[in-house]
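Asker: Start from the sequences and build out the full structure, keeping to the hints where you can.
Residue 497 in our numbering sits at position 9 of the sequence shown, with consecutive numbering throughout.
These are calculated hints, taken from the structure and not from any lab test. All values derive from a computational prediction rather than experimental measurement. Hints are all accurate, no fakes.
Label-pair ranges, simulated between beta-carbon atoms:
id : residue 1 : residue 2 : range
1  : Asp571    : His492    : 18 to 26 angstroms
2  : Leu576    : Tyr502    : 13 to 21 angstroms
3  : Ala537    : Ser598    : 42 to 50 angstroms
4  : Asp516    : Ser598    : 14 to 22 angstroms
5  : Lys528    : Asn573    : 17 to 25 angstroms
6  : Arg490    : Asn538    : 16 to 24 angstroms
7  : Glu498    : Leu576    : 19 to 27 angstroms
We put the beta carbon where it would ideally sit given N, CA and C, even for glycine.
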Amino acid sequence: MRLHSLTFDELTAYGVDPRFARILTDPDSYHPDLSIHVGKTNWDYFIPANVTNVVPLWDSNADSFVRWNRNGSTEYVWLFHDDPNWTLIAASEQGIMAKLWQDWIEFQDSDDECRRFADAIGFRHCEEGLALLDNDYDAFTKWMRELTDNVA
Numbered sequence: 489m490r491l492h493s494l495t496f497d498e499l500t501a502y503g504v505d506p507r508f509a510r511i512l513t514d515p516d517s518y519h520p521d522l523s524i525h526v527g528k529t530n531w532d533y534f535i536p537a538n539v540t541n542v543v544p545l546w547d548s549n550a551d552s553f554v555r556w557n558r559n560g561s562t563e564y565v566w567l568f569h570d571d572p573n574w575t576l577i578a579a580s581e582q583g584i585m586a587k588l589w590q591d592w593i594e595f596q597d598s599d600d601e602c603r604r605f606a607d608a609i610g611f612r613h614c615e616e617g618l619a620l621l622d623n624d625y626d627a628f629t630k631w632m633r634e635l636t637d638n639v640a
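Answerer: Printed below as a string of structure tokens:
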């Protein structure tokens, strides 16, 4: 299936947090280097037959992060343009935000920038994420996959 990037209005119509949608559709508005991580989707991807409601979020090197519904559950997955396999990243929007947040902060030198970017995309778990990344990358990956959108 050919997937294309969506506009800000399209993403928000699909229920994507407006702060997150703004960054996904105009990464340069946050920082010119963010477009290294947040690209435009425009490739063919294998979509399993039991998947509906595919919403492309962002592209990274022709591989795309998307939200879809599979077997009645919303999932955030990483699709590969040259491979029918895919990787489950998260079960919530906060979880997929954690992935983008992690990718961005790996190139930053200050916790202040980590907090600023979290605020810009609407990611509410910056402090917990920083603590996990400092101690256990595997625990962060599991946490990201299980993170919920519930407000504590």
